[in-house]
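Visitor: Those sequence lines, one after another, are chains Z and R.
Residues in the first sequence are numbered from 1 upward in steps of one, following the numbering used here.
Residues in the second sequence are numbered from 147 upward in steps of one, following the numbering used here.
None of these hints come from the bench; they were simulated from the model.
Hints are supplied without guarantee of correctness; some may be wrong.
[Claimed, not checked] In silico negatives: residues of chain R with every beta carbon more than 10 Å from chain Z: (1) 373; (2) 411; (3) 656; (4) 670; (5) 671; (6) 679; (7) 863.
[Claimed, not checked] Covered by chain R, per the in silico footprint, the following chain Z stretches (three or more residues, Cβ under 8 Å): (8) 16-26; (9) 42-49; (10) 84-92.
For every residue, glycine included, the Cβ atom is placed at its ideal position computed from N, Cα and C.
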Amino acid sequence: MLTYLIDDDVVSLFVAEQTLRLEGFMAPIIPFTAAEDAWAYLEPRLVSDPPEFIFLDLNMPVMDGWAFLDMLAPHAATLKGWCRIYLLTSSLALVDTEKARSHALVQGIIHKPLDEDAIRAAVLERNTTLPAAARKGATPIGQGGA
Amino acid sequence: MICALSPDGQFREVSDACRWSLGYDKNEMIGKHLSEIVHPDDVATALEKFLAAFGHTEPVGFESRCLGKDGQEVHIAWSALRAATDELLICVGRDVTQQRRAAQQAHKQELQHRAIVEYGFDMVGLVDEQGVYTYVGGATERILGYRPEEMVGHSGFEFFHPDDLAMGEACFALLATQEDVSIPNFRFRTASGEWRWLETSVNSHIQDGIKGYVVNSRDITERKLSSLAQSESEQRFRVLFDNDAALTVFQTPDGRILDANPALLAFLKKEKEEVLYRPLADFLPEEVRDLFTQAHLKAVGGTRVAFETRVQIEGEAEKILKVTKTPLMVDGVLIGVHGTVRDITEMSTAQHLIKHQAAQLNTLLESINDAFVSLDKDWKLTYLNSEAERLLRISREGALGVNWWHLFPEEVGGIYQQHYQRAIDTGETVRFEAYFEREQLWLELKAFPHADGLTVLFADITKRVEDEKQLKLMALVASGTDNGVVITDAQGRIEWVNAAFLKHTGYSLEELLGRTPGSVLQGPETDPTTVSYIRERLQGYAPFSATILNYKKSGKKLWFAMDITPVRNEAGEITQFVAIQQNITYRKEVEASQAAMTQDLYRHNRDLQQFTYVISHNLRAPLANALGLATVLTKMDKNSDVFATALTNLQHSMVQADDVLKDLNLVLSIRDKKDMLALEPLVVQDVCEQAINNLDEALHACGGQVALDVEDHLVTRGNRAYLYSIFYNLLSNSIKYRSEERRLQVDIVCVTGPHGGATITFTDNGSGFDMFKAGSDIFQLYKRFHTNQRGRGIGLFLVKTHVEAMGGKIEVASEVNFGTRFTIHLDKR
């Protein structure tokens with residue numbers, strides 16, 4: 001399960017990556033410290049090799065989380081049903097939560113730190129809503145590490 | 147005739163001669179009684195005479211009328227003698243009828259003459275050769291009143307009128323040569339002393355050998371007078387006819403001219419001979435001939451005709467003629483037609499003019515806006531115009547000629563009558579105002595007395611009176627209110643202000659009159675938008691309101707909330723403006739302090755939001771990391787490299803959290819100190835150089851240059867630490883975000899700005915930022931716009947906080963890859 005982590009806070013990146021690995025994410029986890037870097041990497045792979053998960057920090061200089069989502073918006077049809085985007089934020093501000101909930105590409109919002117409950121919920125949701133054909137080829141998560 | 151009568155009166159014997167006198171035969175007569183042939187009236191006398199004859203020896207003679215056989219009266223003169231032998235009476239009867247008839251005739255004639263003389267019209271008299279009356283009779287006494295003895299012995303000439311005496315004597319003298327003469331038309335005095343006109347004929351007469359004259363006079367006074375009158379009237383008529391200014395003509399029934407007066411002849415330019423016996427129509431202009439002929443025919447029919455016509459006579463102006471034709475009748479027979487033609491052009495024009503003027507006058511009276519009534523000396527209404535009808539609600543038909551006080555009985559003895567009476571008594575115009583109860587109107591009246599009575603002009607001033615009342619109330623309110631009241635003319639120049647306005651502004655009325663309020667009261671901070679708004683609205687017709695900053699005479703600020711109302715006249719034109727001005731300076735001050743308070747609260751609120759954000763993000767971020775790391779650490783192999791990294795990260799996170807708390811503390815301390823900040827004079831150059839020196843090392847490391855240009859002796863009031871922080875942070879940012887492509891160049895210029903305080907411009911040639919993207923976030927806490935340099939995003943936040951703490955403002959302009967310029971305005975203080 002190809003996963004992108006996008007956060008300008010390297011400590012936060014480290015915590016997220018280690019937590020995912022402890023939860024059994026074996027497939028490549030690619031960390032980005034800037035959203036513009038992530039977009040530059042993702043754009044040529046949108047169709048051929050899109051990530052199954054993107055954990056996206058909101059508060060970043062230059063290109064923040066919202067700006068990154070705006071870049072993805074034209075490709076929503078391509079990503080829909082395959083790529084699941086979670087917002088990862090340390091902010092407890094309600095305004096961010098509201099905005100995230102109404103955004104079509106956003107699957108959910110996770111308050112830092114990313115913990116095992118949030119990861120399990122995300123995987124569970126992926127398994128129940130993913131089309132059967134897609135699920136067959138997919139590696140069942142939560143069992144690999146067990 | 148001889149007959150014998152028996153004593154009893156029977157005829158015994160009759161001679162044949164009886165046949166001739168009485169028509170009877172001898173035999174017929176014998177045996178008849180005397181009474182059968184004697185007239186019954188004379189029988190008694192005859193019998194008496196015959197019986198008397200029987201007793202006498204002497205014959206008795208007498209006459210008696212007898213009746214002949216044919217009934218004719220026959221006068222018989224009897225002579226009777228008694229025969230001695232016989233008892234018979236011998237009578238001789240002689241027919242004396244002829245003699246008796248002649249005598250009777252003469253007597254009758256005398257009686258007739260006498261009657262004629264006594265009762266006829268003529269006066270008769272006899273005069274001697276000297277004219278002295280010897281006899282006076284006839285109608286003299288009756289006509290002249292003299293008894294005969296009063297005239298007999300007097301000369302007739304004594305009674306002559308002196309004017310006629312000579313003529314009378316001359317006539318009388320003619321008798322010497324002729325048998326008779328007549329004296330015509332002389333005046334003769336009557337017994338009562340008046341004069342009678344007489345005419346007299348005098349005839350010579352010889353009586354008893356003495357020459358005298360029979361004078362026969364007749365009273366012709368009546369005839370004379372009537373003749374005189376007739377001649378006078380003829381004369382008069384002639385004069386009238388000849389001198390009549392009217393063209394006068396007398397025509398025959400068939401229209402020919404019998405006579406024409408000089409005026410007509412002059413009009414026709416003809417001599418009398420030229421027109422006589424010619425038809426009048428021949429001399430008339432063609433177009434009126436028919437008209438005249440028709441009129442003539444009508445007059446001939448016995449009707450008087452009058453008509454007017456216009457005549458155009460060649461070479462003259464058109465004339466209006468009035469023509470009358472009068473038939474002249476004598477004893478019911480038409481003998482002619484009398485016609486007059488009058489040139490009434492002028493009169494008609496004058497009449498027309500008078501009519502026109504009367505109409506004009508009427509129009510004028512009607513057009514007077516004021517009501518108008520005219521009363522005669524008995525208070526009778528002689529005229530009223532329609533405005534008067536309207537105001538008084540009386541109609542011309544019903545009111546004209548009616549006594550005024552009958553029309554308005556309720557006003558008898560009231561104020562109107564008093565004033566009218568005064569006008570009449572004094573002969574002077576009286577003006578007054580009064581309430582007219584019946585129609586509930588206030589009237590203004592002018593009563594003009596004149597020879598024929600009184601003329602009253604009046605107008606309804608109810609509205610004005612009510613307006614005045616209103617105005618009085620308004621003035622009362624205006625003087626009593628604490629609001630300023632200003633009345634200006636249509637051009638906005640002050641006409642009146644109330645006491646409150648003077649109190650509020652500090653000006654005196656003299657300083658304000660004739661000037662516009664704006665020119666007196668507005669000052670430097672008066673909002674020009676408000677001024678132009680007011681100016682614009684003054685052109686309109688609707689009331690409006692505005693709030694404006696004015697200045698008292700002392701220069702102190704004065705806020706007015708104004709309600710401006712245009713006053714219009716009946717024609718709708720603006721005549722005045724009334725402005726009511728509430729002094730809201732206190733309210734404005736409160737508002738200003740409220741605005742300041744609101745601003746303060748807003749800033750506090752914004753700061754609180756900032757805090758919330760800082761706490762929720764910047765403080766929570768390291769804590770969240772720490773929390774995550776703590777969880778991860780428990781699950782990791784303590785000997786692995788990852789564990790060591792996690793531990794280092796944990797430590798880093800805690801330091802980070804601590805930094806944030808320190809920052810917050812710093813910010814709060816600046817905020818809290820702001821109001822009690824000790825401000826001191828700062829030499830800008832010194833503070834700036836100190837900051838540059840402290841960053842000298844970093845500048846050298848990147849090869850950056852700073853050009854400092856400070857106005858000589860520029861001093862600003864502020865906090866030294868803050869000003870230092872401002873220069874330090876800005877320069878530090880310039881170094882941090884310099885462009886890699888060029889050497890850093892910073893220009894700092896400090897001058898005295900337009901408001902008296904210091905203005906600092908800080909310009910670098912660094913990487914800049916996108917103004918559109920950064921927007922208002924540029925000065926926010928923990929906002930960063932660059933990823934290549936580590937920054938906490940607090941520098942600019944502090945700069946702004948420090949500037950504002952000293953009462954200044956900061957602005958920024960930037961362009962990516964070109965540079966950034968900060969401009970700081972410090973308050974003068």
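Visitor: Is the nearest CB of chain Z more than 10 Å from the CB of residue 863 (chain R)?
Guide: holds (37 Å)
Visitor: Once the closest CB in chain Z is found, is it more than 10 Å from residue 671 (chain R)?
Guide: Its Cβ never comes within 10 Å of chain Z, the nearest being 41 Å, so this holds.
Visitor: May I ask you to check that residue 373 (chain R) keeps its beta-carbon over 10 Å from the closest beta-carbon of chain Z?
Guide: holds (147 Å)
Visitor: Just to make sure I understand the rule, a stretch counts as covered if three or more of its residues have a C-beta closer than 8 Å to a C-beta of the chain. Does the segment 16-26 of chain Z meet that for chain R?
Guide: Contact hint for the segment 16-26 of chain Z vs chain R: holds, 4 residues under 8 Å.
Visitor: Quick check for students: does the CB of residue 656 (chain R) sit more than 10 Å from each CB in chain Z?
Guide: holds (66 Å)
Visitor: Are all C-beta atoms of chain Z more than 10 Å from that of residue 679 (chain R)?
Guide: holds (41 Å)
Visitor: According to the definition I'm using, a residue is off the interface if its beta carbon is farther than 10 Å from all beta carbons of the partner; does residue 411 (chain R) meet that for chain Z?
Guide: holds (129 Å)
Visitor: Taking a Cβ-to-Cβ distance below 8 Å as contact, does the segment 42-49 of chain Z have at least three residues touching chain R?
Guide: violated (count 0)
Visitor: Establish whether the coverage given for the segment 84-92 of chain Z by chain R is satisfied; the threshold is a Cβ-Cβ distance below 8 Å, and no fewer than three residues must meet it.
Guide: holds (count 4)
Visitor: Measuring Cβ to Cβ, find out whether residue 670 (chain R) lies farther than 10 Å from everything in chain Z.
Guide: holds (45 Å)
Checked against the numbered hints listed earlier, the structure breaks hint 9 alone; every other hint is satisfied.
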